[in-house]
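Given the structure of chain H, go ahead and fit chain V onto it with the hints provided.
2 protein chains.
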Amino acid sequence: MTNEELMSLVNRSLFAALGYTDKQGRPSVRRVFCVWHKGLARHLISTNTCSEHVQSLMQNGNACLYFSDDAKFEGLCLYGNVTVHFEEAYRALLWNPGDEKYYPAGISDPDYCVLEFAAESGRFYRYDGKGELTAEMLAESEAGRKFENGYAAQAAG
Amino acid sequence: MTNEELMSLVNRSLFAALGYTDKQGRPSVRRVFCVWHKGLARHLISTNTCSEHVQSLMQNGNACLYFSDDAKFEGLCLYGNVTVHFEEAYRALLWNPGDEKYYPAGISDPDYCVLEFAAESGRFYRYDGKGELTAEMLAESEAGRKFENGYAAQAAG
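Sequences listed follow chains H and V, in order.
Going by my numbering, the first residue of the first sequence is number 1, and it counts up by one from there.
Going by my numbering, the first residue of the second sequence is number 1, and it counts up by one from there.
Each hint can be trusted.
Cross-link-like lysine-lysine pairs, in silico, DSS-like; alpha carbons within 27 Å at most: (1) V:Lys130 - H:Lys23; (2) H:Lys38 - H:Lys146; (3) V:Lys23 - H:Lys130; (4) H:Lys130 - H:Lys38; (5) H:Lys23 - V:Lys23; (6) V:Lys101 - H:Lys130; (7) H:Lys72 - V:Lys101; (8) V:Lys130 - H:Lys101; (9) V:Lys72 - H:Lys72; (10) V:Lys72 - H:Lys101; (11) H:Lys130 - H:Lys72.
Derived from the structure by calculation, the hints contain no laboratory data.
From a predicted model like this one, the values you see are computed outputs, not experimental measurements.
One chain only, chain H, in its complex shape (with noise of 0.2 Å):
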């Protein structure tokens, strides 16, 4: 696959799952939330602070994120860590009207958080065979790139 169908992939894609170690040293995967991408390389995810692969994460940051799409047999791992931000900077970005039913406490509140992921390696698979994304290859496709929302931007046409 080509860094732009792979790219298409991440775009289109609503959710990822999130794979972790959770605090039992036990394999564990969320389905979250994840559309706001820099290149294939960086993704944002807001979250509650209190839930567990939050408090799973802050303890051991190593992690996987998988893109799929069922329907066209194509998959995404992305191998690397998650990073969790409290920063203004973050919280603003990711902020949609109404996400006060999740953090009652608005923007500030310690509730809310952001994951940002950052990938080192990847692996891809379809139909047609697999592939490797490599660091050089990641760093590539988020150079000169800023956090955007991809799936608004796909589906703005």
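Coordinates of chain V only, in the frame set by chain H:
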């Protein structure tokens, strides 16, 4: 969620996300086709023996299996472990006409194997809250059952 609601989620999912630890010790995820279930407790997946995830799981069988319905905001993460089967009974149960395109030597192709995921506990998520599945609840859900193609059964109505 009730056991019936969880079973409905599992049965109508064609795919699940399998979380495991790869040979490099990293959290990893593969999207797997998963329609054979024994209650909520056991799930079968046919796959290529040579796949990276099978090779990793042969070394470390600890895994999780995540079923989700994005449209309904339902998710179920089962925690347990994977056994890799090569026995005729498993191969025959999951074999479909046309599978020769994946396994050219047919049903006894050494590259054809069946993963059995056995759950020890679980955690579910829905818009109205979360809950836990204990080993006892899982044992109860498979008692007196055999493996069934839950997708075919529910599609047939």
